[in-house]
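Novice: On the provided structure of chain A, position chain B as indicated by the hints.
Number of protein chains: 2
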Amino acid sequence: MTVPAHRIAFGEHLRELRQVHGWPSQEAFAHHVGLDRTYISGLERSRRNPTLDVIVRLARGLDVHPSELLATIPKCEQQDSRT
Amino acid sequence: MTVPAHRIAFGEHLRELRQVHGWPSQEAFAHHVGLDRTYISGLERSRRNPTLDVIVRLARGLDVHPSELLATIPKCEQQDSRT
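If you're matching them up, the sequences are chains A and B in order. With our numbering, the residue at position 79 of the first sequence is 79, and numbering never jumps. With our numbering, the residue at position 17 of the second sequence is 100, and numbering never jumps.
Bound conformation, chain A alone (with noise of 0.2 Å):
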């Protein structure tokens, strides 16, 4: 499967933010923002294409701007092989 870099990064930085933002637990994290923990393992794994809502949703329990979720995703297209 290639998995495209912007699921890397995006999935890479929502980890590091959970864990800076006081959530080392993903299920505790999870209960907090109203998701399934292996979604979020999914998502932190690249594996999962969140939706509008489910970024907002993921800033809000974070404390952070939405748009702060997508901050390290590359500019130009990437593509990384990664599975």
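Derived from the structure by calculation, the hints contain no laboratory data. Every value quoted in this text rests on a predicted model; they were computed, and no experiment measured them. Here a beta-carbon is modelled for each residue, glycine too, at the ideal position from N, C-alpha and C.
A few chain A residues facing chain B, derived, Cβ under 8 Å:
no., residue
1, 52
2, 53
3, 65
Specialist: Chain B alone, transformed into the frame defined by chain A:
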């Protein structure tokens, strides 16, 4: 239907960016980014909930960073009953 404020902000900002970046026609822009004109229209009228993949595709079509598309979303939760 209650439309969340972030969808309205996203849709209005997409329309503005599309026009400012030289795409007065939804149809031409839709063709440029490989999406359907009715889908672009639905996004601009807050009816659609785009995925991260779509947000990135729209941003690249506009030559802006993906986070720019979310820039006008209110950080705090608000609701709007526009239908």
